[in-house]
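Peer 1: Take the sequences, apply the hints, and build the full model.
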Amino acid sequence: MIWQALQDLWFGFGVAFQPHNLWWSFFGVLVGNLIGVLPGMGALTAISMLLPLTYTLQPVPAILMLAGIFYGSQYGGAIGAILLNMPSHPPHAVTCLDGYPLTKQGKGGTALGITMIASFFAASFGILVMVFASPLLVQIAFKFGPTEIFSIMLLGLIAGSTMSRGSPLKGVAMTTIGLLIGTVGTDVNSGTQRFTFGLTELADKVELVALAMGLFGVADFLENVNRIKFVGSETKVRFRDMRPTKAEMKQAFWPMVRGTLVGTLFGAMPGTGPTITTFIAYAIERKIAKDPDRFGKGAIEGVASPEASTHSKTQVDFIPTMSLGIPGDAVMALLLGALLIQGIQPGPQLITEHADLFWGLIASFWVGNVLLMILNVPMIGVWVKLLAVPFRYMFPAALFFIAIGVYSTNNSLFEVYEVLVFGIFGAILMALEFPIAPILLGYVLGPLVEENFRRALLLSNGDLLVFFEKPISIGFMCVTGLLIAGQLFFAIRAAIRKRSVAQGEVHPPALHSVPDVE
Amino acid sequence: MHGAGGSRRKDWIGGALMVLLGIGAIAIGRTYQIGTLSHMGPGFFPVSLGCILVIMGAAIAATANLAHEPSEEETLPPEWRGWICIIVSLIAFVVIGHYGGLVPATFAITFISALGDRQNTLLNAFLLAAGVVVMCLLVFVWGLGIQFPLFQWGEG
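Protein chains in written order, with our numbering: chain U, 8 to 525; chain V, 125 to 280.
Simulated from the structure, these hints should not be mistaken for lab results.
Just so it is clear, CB atoms sit at the ideal spot from N, CA and C, and this is done for glycine as well.
Hints should not be assumed to be uniformly reliable.
Derived CB-CB ranges, DEER-like [what the hints assert, rightly or not]:
id, chain 1, residue 1, chain 2, residue 2, range
1, U, W10, V, L274, 53 to 61 Å
2, U, R500, V, N248, 39 to 47 Å
3, V, P202, U, R500, 31 to 39 Å
In silico negatives: residues of chain V with every beta carbon more than 10 Å from chain U [what the hints assert, rightly or not]:
id, residue
4, L247
5, V256
6, W266
7, Q276
8, W277
Peer 2: This is the structure:
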């Protein structure tokens with residue numbers, strides 16, 4: 008079993024080291040790192056902007072590039088968080104808490120160094136988990152019929168909408184909106200055109216890229232225009248400053264390990280967003296620290312643990328996405344959408360049918376992470392300069408990239424209107440404090456959920472109890488029920504507590520406000 | 125408290141919006157064939173989703189008073205200038221792209237949206253737009269060979 012996995016991994020390295028694949032992987036991490044550094048641009052924006060580019064590529068380089076953008080932008084995001092106190096991507100909000108104080112103490116370089124080491128360590132661990140866990144999961148997954156697939160997708164959707172930040176009710180509403188957007192177009196079973204409003208362009212379906220760019224690009228710009236305060240950085244970071252001392256390494260080691268484990272655990276749970284993972288990793292560190300007062304004032308543990316957790320989670324997240332076809336969060340949903348566009352159906356058969364893709368991807372994670380380490384050493388000076396690009400120059404250029412990128416998916420201008428509509432819709436929802444990431448999750452899973460729901464009930468002659476009769480399905484349904492019950496419990500408890508607090512006491516000040524994008 | 129009140133109003137509006145969208149989905153979904161549980165028509169799934177949305181919207185509005193932390197973001201006034209410029213710039217890209225070609229469309233989207241930021245002057249916006257046009261020619265036209273006429277007059 009282990010021998011087999013190692014052999015497959017060896018094969019994967021062969022795929023990842025093909026010059027063509029290596030080049031796209033490198034391109035992905037470079038561009039991802041670059042975009043991640045830019046203020047106000049996270050992994051979702053980066054991936055959706057470059058998604059059209061992959062249409063002309065083969066599936067393997069396409070997915071290697073997109074994955075590279077993903078973890079590249081996470082590396083980049085940490086730089087902005089630590090040096091400028093600007094989380095370009097919400098998961099990095101926690102890194103700001105202790106990273107920025109370190110910068111103010113003149114130890115920004117060390118913080119970046121620790122971040123890089125922690126990220127690499129966590130990513131490596133996550134990759135190992137992926138290597139050994141995926142084949143096991145696949146063996147179970149082969150027993151899945153439509154009933155089981157629907158149950159696990161329901162679990163994924165419920166988890167995705169309730170476990171992220173913000174109100175669970177709003178999360179469920181957003182997922183439902185996403186599912187509805189997923190039904191737009193021609194119904195595969197009957198040929199009926201649904202929600203097309205007489206527009207022939209909608210008969211195919213809503214364009215994934217247009218939805219993603221509208222929600223995560225345009226809506227973000229609408230939200231941030233004239234609001235991002237530009238803070239220049241006088242920090243100069245050289246490679247020499249990035250090497251942590253032995254004492255600092257020792258201090259960061261166990262937080263790094265704990266962060267990695269938190270990330271691995273949460274990565275295996277579908278639907279838990281990266282933001283909540285980093286918050287929990289940080290909370291654990293503060294709780295077990297001997298002197299919690301140091302946190303928020305530049306504790307190195309407060310940087311190492313959250314950064315490690317988000318990187319291991321990123322890798323482990325690929326397991327359910329690739330082997331079950333259930334994306335854990337919005338970024339994974341986008342990658343899943345990219346796979347579907349390439350004509351590859353993620354699921355248990357993916358590992359055997361597209362072995363080059365699966366093992367090549369895993370190997371490329373390692374290669375990509377090594378590339379990132381090497382890349383960040385000479386480039387750190389460039390990144391710091393990039394941080395100085397004001398938002399007012401950046402967003403018009405990015406808007407153009409979005410427009411031309413969406414145009415190029417079908418060589419049609421109609422999709423640009425779609426971007427506009429979803430952009431305005433997303434901005435309104437954000438203004439009303441709805442989390443918008445679940446929309447993408449619902450959209451990508453929508454057609455699969457409907458298809459499997461229909462098939463399961465066709466097979467059971469319309470008996471809804473079928474979801475509670477098959478053993479695997481019952482399991483998923485129970486977990487879903489537990490999740491909902493847990494959320495209800497916490498909501499009621501919070502409401503009661505709030506009522507008692509409201510009777511005369513002062514609210515604790517909000518820790519940090521970040522936009523609601525997972 | 126001001127913040128909590130704003131948040132509560134947001135939940136009412138948000139809940140109402142969800143209910144409306146749900147009703148819309150049910151109304152349109154009903155015109156497709158609904159079918160039975162064992163033989164679902166194309167309308168079944170949209171109508172069920174519409175029902176869930178209505179319930180969620182009602183629940184959001186009903187619980188608006190509960191479980192809400194006052195947040196500090198309430199006081200920000202709407203940013204109309206930025207909004208209008210970004211929206212107009214995207215429409216301009218489509219319209220000008222259709223009737224005028226890629227070069228003027230690229231210029232328009234960058235120039236107009238740049239004006240949405242209060243710190244950009246006309247000259248700033250002009251230079252930025254010109255720069256993006258040059259980059260567009262290099263990367264998309266020369267590099268990637270995109271299918272989009274550079275200039276054209278009238279209907280494309």
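Peer 1: Please go over all the hints and tell whether each is borne out by the structure.
Peer 2: Here is how each hint holds up against the structure:
Separated by about 58 Å at the C-beta atoms, U:W10 and V:L274 satisfy the suggested range of 53 to 61 Å. Range check, U:R500 to V:N248: Cβ separation about 52 Å, and the 39 to 47 Å hint is violated. A hinted range of 31 to 39 Å for the beta carbons of V:P202 and U:R500 is consistent with their spacing of about 35 Å. For V:L247, the condition that its CB be more than 10 Å from all CB atoms of chain U holds, with the nearest at approximately 13 Å.
The Cβ of V:V256 does not lie farther than 10 Å from every Cβ of chain U; its closest approach is about 5 Å, which violates its non-interface assignment. For V:W266, the requirement that its beta carbon stay farther than 10 Å from each beta carbon of chain U is met, with the minimum near 14 Å. Look at V:Q276: its CB is around 13 Å from the nearest CB on chain U, clear of 10 Å, so calling it non-interface holds up. Annotated as non-interface, V:W277 keeps its C-beta farther than 10 Å from every C-beta of chain U; the closest such distance is 17 Å.
Hint check: violations occur at hints 2 and 5; the rest are consistent with the structure.
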